[in-house]
Amino acid sequence: MTPEEALTRLGESTGDALLDALRTFCGDAVEHGAPVVVPQGEPPLAEIPVPAVIVNVSYVDGVTGGNIFAMTRHGVQRLAAAMMGLGADEAGDGDELSELELSAAGEAMNQMMAAAAGATSALLGDQIEIGPPETRFFESPDQTADAYELTPHVVSVPFTVLDEPCRLVLLVPNAFIVKMSRALSDLEAEAAAGGIRTGGGVPGASLRRVPVRVWAELGRSHMPVGRAVSLQPGAVVDLDAAPDDPVQLYVNGRRFGSGRLLLIDNEWAVRVDEVLPSTAPTTSTRGGID
Amino acid sequence: MARVLVVDDAAFMRKMLGDVLSKAGHEVIGEGTNGNDAVERFQELRPDIMTLDITMPEKDGLTALREILTLEPAAKVVMCSALGQESKVLEAIKAGAKDFVVKPFQPDRVIDAIGKALA
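Quick mapping for you: the protein sequence lines, in order, are chains A and B. My numbering applies: residue 1 is where the first sequence begins, and numbers increase by one. My numbering applies: residue 1 is where the second sequence begins, and numbers increase by one.
Wrong hints could be hidden among the right ones.
Said to hold, decoys possible - Simulated crosslink set (SDA-like; lysine to any residue; CA at most 20 Å straight-line):
#1 94(B) x 127(A)
#2 15(B) x 87(A)
#3 59(B) x 129(A)
#4 15(B) x 60(A)
#5 15(B) x 99(A)
#6 59(B) x 97(A)
#7 59(B) x 24(A)
#8 23(B) x 86(A)
#9 15(B) x 84(A)
#10 15(B) x 92(A)
#11 15(B) x 81(A)
#12 59(B) x 60(A)
#13 15(B) x 24(A)
#14 94(B) x 129(A)
#15 15(B) x 102(A)
#16 15(B) x 59(A)
#17 15(B) x 100(A)
#18 23(B) x 85(A)
#19 15(B) x 132(A)
#20 59(B) x 58(A)
#21 15(B) x 98(A)
#22 15(B) x 91(A)
#23 15(B) x 58(A)
#24 59(B) x 92(A)
#25 116(B) x 89(B)
#26 59(B) x 91(A)
#27 23(B) x 84(A)
#28 15(B) x 57(B)
#29 15(B) x 129(A)
#30 59(B) x 59(A)
#31 15(B) x 97(A)
#32 15(B) x 86(A)
Don't read these hints as lab results, they were simulated from the structure.
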C-alpha cells in the first residue's frame, strides 16, 4: 500500500461519508468526484471556489489533521435553507450571509465530519474524535495561502451541492497516513487469510487483487481423536462421499460451491457446477478436530 | 410542559431545537454555547431538563454532563450527537444522561426523548 493509494482511499471514504451526511439535507442534489492527491509544494486550496466560506474541522484525538470544506456563498444559503426544510427558491440570495446561515454551514460540516471520523475509526480500529467547526470567509485565493497549517499530504475532492461547486480538502500529516497504510495492509492480509472484515468504508475493488487459496474437498470422515493420532501408513480411512459425488470447493476456508473432478493434461481440475449465495458461506473445518 | 435549557455551539441548532421545543409547548428558558456555559446556566436557571451537544469548544458536552451531575445527581440531560459519535453517546449514558438524539434530528424524536426523560 503506497502513501498515494492510502491517501486516495482516505479521500474516497471521507468523501462517501460526507456524501451520505449531505444527502440527509439535500437528497440526491449532491455528488462528489474522484479524489486527487495534491502534489507536494502546490497550494492545497488553489482549486476552491472563491469567494468561499470555509469550514475546518480538525481531528483532536486518535489522529491529527484538518478537514476543510469550501462552499460558495450561494451554496451556504441553499444548504442552510435545505437544513431548515425550505426549498431552493426560499434560500437567501443576498451578498451578506446571516449568522444563522454561517452556523448552518458549520453544523453541516460538524455532522459530516463526525460521520467521516466514525468511518475512519472503524478502519483504523481506534476511536477518532473531532473538534468543533471553525468557519471563515475568504474573498480571494491569496487569503487562503497561510490560513491553515500545511501538512505533508493533501487530498482534494470536488463536490457539487445543490448545483453549487464545493470542495473537500484533507490536510493529512505523515503519522496519519502511516497509520492508515498499516490498517489497510492489515485489512488486506486479513482478507487473504480468510477473515474478510466487512465495513470500514473500503471499496471491494481493492480486495479483488488479494491472492486467495482455493481447494477442493473429496469427502470427510469422523473419528475419535485417539484413533486419528494413531493412524499409521497403510491405514485406510473411509470418506463420506461416493465416487460420483461432487467435490466441495473452498476459498480461504469458506465453502463457495461444488463441482466435478476432471483430468486435464494429467492434472486434476474441477468444473464448477454450483456457486453458493455469498451471504451464507460455510466455513471449512479443515485442520480442526471434526 | 417543561422549562428547558438548550446548549449547542451552533446558533442554527439552538434555533432548530428551540423551535421544536416551543411548538411542543415547552419553554426554552436559556441557551448556552459551550460546556462552561452549560454548567453555569444550569446552576443559574435550574431547568427541568436540558439538551446538551457533545462536540463544543472550551469544554465538551461529556465533561459538562459529568460536572452537572456532580452538582445535581437528579439533573435530566438529553445529549445531542452526530452520527459516528456512538462511543461518546455510550459514555454519556453511562455517566447518567437520560437519553440522546442523533443529528440531523427528527422533531418527533426530540419531543419523545424529552417526554421520556421527564416521565
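Hint check results:
no. : hint           : verdict
1   : 94(B) x 127(A) : holds (18 Å)
2   : 15(B) x 87(A)  : holds (18 Å)
3   : 59(B) x 129(A) : holds (14 Å)
4   : 15(B) x 60(A)  : violated (27 Å)
5   : 15(B) x 99(A)  : holds (11 Å)
6   : 59(B) x 97(A)  : violated (28 Å)
7   : 59(B) x 24(A)  : violated (28 Å)
8   : 23(B) x 86(A)  : holds (18 Å)
9   : 15(B) x 84(A)  : holds (10 Å)
10  : 15(B) x 92(A)  : holds (17 Å)
11  : 15(B) x 81(A)  : holds (13 Å)
12  : 59(B) x 60(A)  : holds (13 Å)
13  : 15(B) x 24(A)  : holds (19 Å)
14  : 94(B) x 129(A) : holds (19 Å)
15  : 15(B) x 102(A) : holds (13 Å)
16  : 15(B) x 59(A)  : violated (27 Å)
17  : 15(B) x 100(A) : holds (9 Å)
18  : 23(B) x 85(A)  : holds (16 Å)
19  : 15(B) x 132(A) : holds (18 Å)
20  : 59(B) x 58(A)  : holds (16 Å)
21  : 15(B) x 98(A)  : holds (13 Å)
22  : 15(B) x 91(A)  : holds (17 Å)
23  : 15(B) x 58(A)  : violated (25 Å)
24  : 59(B) x 92(A)  : violated (33 Å)
25  : 116(B) x 89(B) : holds (17 Å)
26  : 59(B) x 91(A)  : violated (33 Å)
27  : 23(B) x 84(A)  : holds (15 Å)
28  : 15(B) x 57(B)  : holds (18 Å)
29  : 15(B) x 129(A) : violated (25 Å)
30  : 59(B) x 59(A)  : holds (16 Å)
31  : 15(B) x 97(A)  : holds (17 Å)
32  : 15(B) x 86(A)  : holds (15 Å)
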